[in-house]
Amino acid sequence: MSTIRVRCLLQQCTKATLRLQDDSVVTINRGMVVFVAFLKDAQLEDVDKLAKELTTVKLCESENGSKTIVDLPGDLLIIPQATLGGRLHSHRFQYHHNINKDTGQEFYDKFVLNLRELCSQNKDNVVHAGSYGIRQVYSSETNGPAMHIIEF
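The sequence shown begins at 478 in the working numbering and counts up by one.
Just to be clear, a hint being listed does not mean it is correct.
Each computed DMTMM-like pair below joins lysine to aspartate or glutamate, with the alpha-carbon atoms no more than 25 Å apart [said to hold, decoys possible]:
#	residue 1	residue 2
1	K544	D601
2	K587	D523
3	K578	E522
4	K578	E628
5	K535	D523
6	K492	E618
7	K535	D548
8	K526	E618
9	K529	E583
10	K535	E522
11	K600	D586
12	K578	D523
These are computed hints drawn from the structure, not numbers from a lab.
Can you build the whole structure from these sequences, using the hints too?
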């Protein structure tokens, strides 16, 4: 069994809101929410690979077929989600395979930076990001339960 280094959940939305601990609020309209977890064996190259995958995958429906998030006007909301690294063991989730906090912060910051750069070619794309390592309150509206997982 191969070791998973990165796990990412994509959720298309018509609106999403993230409230941070300092009560600041990040809101996007039509776009995609990206929940991401870097696991223990993740490498810096995995951060670049994931950003490229996200900007080239054709998930967004349009009149002309499927498009990437870069092809269409739409925002990204990136949320660090360590619970994606959990494994069920004896009726409980364990997080022994998550990356350490300092490296996770470094990888998350690099991931956000990469996505901002890759999405900058479309002036109608805005990349927003949650804060790493703190509790956040998330809510969303969707036009269908469209969720996808990327892991490697």
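Tested hints:
no., hint, in the structure
1, K544 x D601, "14 Å, holds"
2, K587 x D523, "11 Å, holds"
3, K578 x E522, "18 Å, holds"
4, K578 x E628, "20 Å, holds"
5, K535 x D523, "20 Å, holds"
6, K492 x E618, "5 Å, holds"
7, K535 x D548, "9 Å, holds"
8, K526 x E618, "28 Å, violated"
9, K529 x E583, "18 Å, holds"
10, K535 x E522, "22 Å, holds"
11, K600 x D586, "21 Å, holds"
12, K578 x D523, "17 Å, holds"
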